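Construct the complete structure from the given sequences, taking the supplied hints into account.
In order, the protein sequence lines correspond to chains A and B.
Residue numbers are given in full-length UniProt numbering: position 144 of the first sequence equals residue 144, and the series is strictly consecutive.
Residue numbers are given in full-length UniProt numbering: position 14 of the second sequence equals residue 14, and the series is strictly consecutive.
Just so you know, these hints were derived from the structure itself, not from any lab.
If you're wondering where the values come from, they're calculated on a predicted model, not measured in any experiment.
One-sided excerpt, in silico: chain B residues whose CB lies under 8 Å from chain A:
(1) Y145
(2) L251
(3) T252
(4) M257
(5) F272
(6) Y274
Glycine residues also receive a C-beta, built at the ideal position from the N, C-alpha and C atoms.
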Amino acid sequence: MKKKLTFIVLTTALTMAALTACGGNNGDSNGNASSQSGNSGKGSGEVKKLRFATWDTGDALKIEQDIAKKFEADHPGTQVQVEAYADGFDQKLAAGFGATNPPDVMYMWDFPTYHRSLEPLNSYADSDKDLNKDDFYSGLFNYATIDNNLYGIPAGFTTRVVYYNKKMFDDAGVPYPKDGWTWDDFQSIAAKLSDKSKKQYGFGVRAENDTYDLQGFVWSNGGSYISDDGTKIDGFMNSKETAGAVQLFGDMLKNNSAVLTGGKGQQSGEDIFKGGKIAMWESGIWPLESFKQAGIDVGTVEMPAFPGKPVKGVVAESALSIAKDSKQKELAWEFIKYYVSSEAIKMRVADLPVRVSVVNELKKDQDPLYKPYYTMLERSDNTPAFLLNDKWNEVNRQLSAAVEAVVHGSNAQDALNQAVKDSERYLK
Amino acid sequence: MAQTYSQTAGNNAASLKPRRKRGWGGAAPYLFIFPWIFGFLVFTLGPLLFSLIISFFDWPIVGQVHFIGLGNYKSMFTDDPLFWKSLGVTLRFAALFVPFNIAVALGLAILLNQNTKGTAIFRTAFYLPSVISGVALAMIWSWVYSGDYGILNYFLSIVGIQGPDWLNDTKWSLVAMVVASLWGQGSMMLVFLAGLKGIPKDLYESASLDGAGVIRQFFSVTIPMLSPTILFNLITSIIAAFQQLTLALLLTGGGPMKATYFYAMYMYENAFKYYKMGYSAANAWFMFLIVLTLTFLVFKSSEAWVFYEGEMKRKPQKKMKSGGKGKTA
Numbered sequence: 001m002k003k004k005l006t007f008i009v010l011t012t013a014l015t016m017a018a019l020t021a022c023g024g025n026n027g028d029s030n031g032n033a034s035s036q037s038g039n040s041g042k043g044s045g046e047v048k049k050l051r052f053a054t055w056d057t058g059d060a061l062k063i064e065q066d067i068a069k070k071f072e073a074d075h076p077g078t079q080v081q082v083e084a085y086a087d088g089f090d091q092k093l094a095a096g097f098g099a100t101n102p103p104d105v106m107y108m109w110d111f112p113t114y115h116r117s118l119e120p121l122n123s124y125a126d127s128d129k130d131l132n133k134d135d136f137y138s139g140l141f142n143y144a145t146i147d148n149n150l151y152g153i154p155a156g157f158t159t160r161v162v163y164y165n166k167k168m169f170d171d172a173g174v175p176y177p178k179d180g181w182t183w184d185d186f187q188s189i190a191a192k193l194s195d196k197s198k199k200q201y202g203f204g205v206r207a208e209n210d211t212y213d214l215q216g217f218v219w220s221n222g223g224s225y226i227s228d229d230g231t232k233i234d235g236f237m238n239s240k241e242t243a244g245a246v247q248l249f250g251d252m253l254k255n256n257s258a259v260l261t262g263g264k265g266q267q268s269g270e271d272i273f274k275g276g277k278i279a280m281w282e283s284g285i286w287p288l289e290s291f292k293q294a295g296i297d298v299g300t301v302e303m304p305a306f307p308g309k310p311v312k313g314v315v316a317e318s319a320l321s322i323a324k325d326s327k328q329k330e331l332a333w334e335f336i337k338y339y340v341s342s343e344a345i346k347m348r349v350a351d352l353p354v355r356v357s358v359v360n361e362l363k364k365d366q367d368p369l370y371k372p373y374y375t376m377l378e379r380s381d382n383t384p385a386f387l388l389n390d391k392w393n394e395v396n397r398q399l400s401a402a403v404e405a406v407v408h409g410s411n412a413q414d415a416l417n418q419a420v421k422d423s424e425r426y427l428k
Numbered sequence: 001m002a003q004t005y006s007q008t009a010g011n012n013a014a015s016l017k018p019r020r021k022r023g024w025g026g027a028a029p030y031l032f033i034f035p036w037i038f039g040f041l042v043f044t045l046g047p048l049l050f051s052l053i054i055s056f057f058d059w060p061i062v063g064q065v066h067f068i069g070l071g072n073y074k075s076m077f078t079d080d081p082l083f084w085k086s087l088g089v090t091l092r093f094a095a096l097f098v099p100f101n102i103a104v105a106l107g108l109a110i111l112l113n114q115n116t117k118g119t120a121i122f123r124t125a126f127y128l129p130s131v132i133s134g135v136a137l138a139m140i141w142s143w144v145y146s147g148d149y150g151i152l153n154y155f156l157s158i159v160g161i162q163g164p165d166w167l168n169d170t171k172w173s174l175v176a177m178v179v180a181s182l183w184g185q186g187s188m189m190l191v192f193l194a195g196l197k198g199i200p201k202d203l204y205e206s207a208s209l210d211g212a213g214v215i216r217q218f219f220s221v222t223i224p225m226l227s228p229t230i231l232f233n234l235i236t237s238i239i240a241a242f243q244q245l246t247l248a249l250l251l252t253g254g255g256p257m258k259a260t261y262f263y264a265m266y267m268y269e270n271a272f273k274y275y276k277m278g279y280s281a282a283n284a285w286f287m288f289l290i291v292l293t294l295t296f297l298v299f300k301s302s303e304a305w306v307f308y309e310g311e312m313k314r315k316p317q318k319k320m321k322s323g324g325k326g327k328t329a
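Structure (structure tokens):
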């Protein structure tokens with residue numbers, strides 16, 4: 001009997017190991033690839049190698065490589081190795097930190113998770129006149145600050161606006177939306193532009209929402225996910241205002257004035273917008289260029305307001321940080337400084353310039369297509385939830401599930417109550 | 001053989017050559033298995049034990065590591081609703097997948113065992129999906145299941161049925177997952193086929209002489225003779241069901257609304273999305289215990305339903321042995 005038991009244990013263990021072998025090594029191999037490609041400085045002779053990790057791909061990555069080349073030209077004897085982690089950014093970065101072999105400079109937004117592994121930049125930023133800190137849009141530094149330590153220099157940002165397809169509005173004889181419009185206007189326009197038989201809809205709702213992006217709506221309705229001191233979610237995440245903002249999308253899906261997009265095996269909202277089957281789409285600046293290229297006569301407008309309440313926006317910011325374990329922090333700082341210089345900022349078109357002087361020079365805020373991003377920036381003075389509580393990742397897991405339930409037809413209030421109940425334990 | 005060789009070597013004490021040869025002769029088998037043993041120790045057993053150790057720690061990738069004893073296991077059971085949710089999904093999946101998997105594989109094997117023309121082509125065709133990598137398989141199925149443009153819904157629309165959006169419908173996504181998982185079961189079919197080929201023809205001949213029809217033959221000859229093969233396939237199916245990750249990750253991402261949030265996916269996310277390595281290792285070890293228990297139960301039950309030809313003679317012997325000690329001499 002004993003022998004048989006050992007046999008069972010062994011066969012199970014071996015079979016499981018054998019079966020996992022094929023599925024499980026995906027993450028590992030990624031990690032290896034990244035750490036292998038970056039033996040910083042080793043055996044490279046006089047050339048100093050700086051590793052720079054980015055999440056961008058495609059055109060944006062191309063631009064970043066060009067910036068790196070220019071930096072190399074200005075700094076003889078340096079080589080900037082641009083490491084494009086793409087979708088695996090978080091995994092590869094975490095693996096790099098875990099192995100104490102991180103890239104020297106990296107794109108960063110999730111400061112609460114990573115700040116312990118990052119170099120505080122206060123002294124660099126304050127003492128280096130070349131940076132000209134005052135030229136940055138005020139407020140952008142707040143997103144990269146934890147406990148009064150600055151961990152990143154803002155490199156790009158975007159606010160969120162409503163895109164609309166002018167041709168679809170013209171065809172339906174509906175006037176274009178204007179800044180100062182309300183969610184009631186939004187809903188009635190969406191209803192007018194929807195025709196289910198033609199698979200045409202006024203608005204697209206994402207099947208998988210990033211709760212971060214929804215904060216603008218929640219704040220606009222006077223709600224929030226978490227108390228200002230970051231200690232309480234009961235009465236905030238499940239408040240009437242928060243639920244109301246989320247329910248709005250659920251309702252629009254139910255009455256067919258919006259369509260669910262970007263689920264598994266479904267087209268993304270951007271693609272449907274490009275195909276002229278969605279009249280309005282809500283996003284940051286990222287898809288603007290591709291909308292133009294697709295030949296859509298696209299307009300942008302501020303987010304709608306909830307009646308009687310001020311519109312609030314949320315900023316998606318990317319910053320550059322230096323790893324604490326980096327062995328060439330001075331060079332890394334030089335690179336960051338160049339990356340956020342006017343010259344480099346002008347090269348980057350995928351996000352909005354962080355320097356006021358560049359915006360004034362290019363007159364970006366005068367362009368009607370770009371103006372809403374800047375007016376929305378003025379409306380973005382709330383602090384996002386992930387900066388308020390370091391367990392936010394865990395809470396967000398429940399919140400995301402609740403939002404997903406709402407777009408699949410659940411009642412927002414019930415779903416959010418459940419999410420609060422399930423995440424209370426993380427806040428104790 | 002080594003022994004006889006050493007004896008002759010001992011007689012020929014004068015020459016050194018054979019001695020050296022003997023030394024190599026002793027090490028050779030170990031040298032041959034060394035690559036495998038090395039790989040096993042370093043890449044399988046080592047990480048396995050290490051994962052057991054880290055399951056007792058709070059082990060984030062970024063930040064401090066603490067020893068927390070059974071803390072991971074405790075919080076898993078006491079305050080993680082997702083743990084129970086994902087376990088439930090996996091059990092439901094296994095309950096659907098395992099019987100279907102075995103039935104379909106057996107059915108296909110029986111069809112292939114018929115001596116008709118073109119079995120070789122069909123054998124290749126049925127086995128082909130197992131050759132395709134899981135990722136490619138997931139891509140194919142995501143097209144098949146697509147709500148608006150999927151081929152499945154196209155066929156359904158021909159017969160006048162408006163198909164659901166399979167992967168985005170909470171009611172259907174798990175079923176879709178089961179069907180997609182059944183696709184790559186060629187190897188199981190082959191094992192069954194080999195088992196079927198191993199059943200002596202004379203059993204069927206005598207059965208039909210006794211007047212047994214095809215169905216009676218299937219249940220009274222095929223199934224009992226095939227039961228050891230069924231046992232093997234049952235166990236590997238159960239293990240495969242509990243480990244299903246590739247399809248969930250690529251086809252549905254665990255959604256919609258966690259309807260296909262498998263335990264393996266939960267484990268994966270804990271490790272590589274939330275970086276709770278210790279917690280995830282604890283999850284993994286708990287899964288190992290579940291699978292171990294199930295395997296043990298299946299083995300235990302097999303005494304009742306698995307038929308080994310060899311045991312026919314042994315069983316009465318056993319009884320004699322336990323019956324009287326005195327007869328041993």
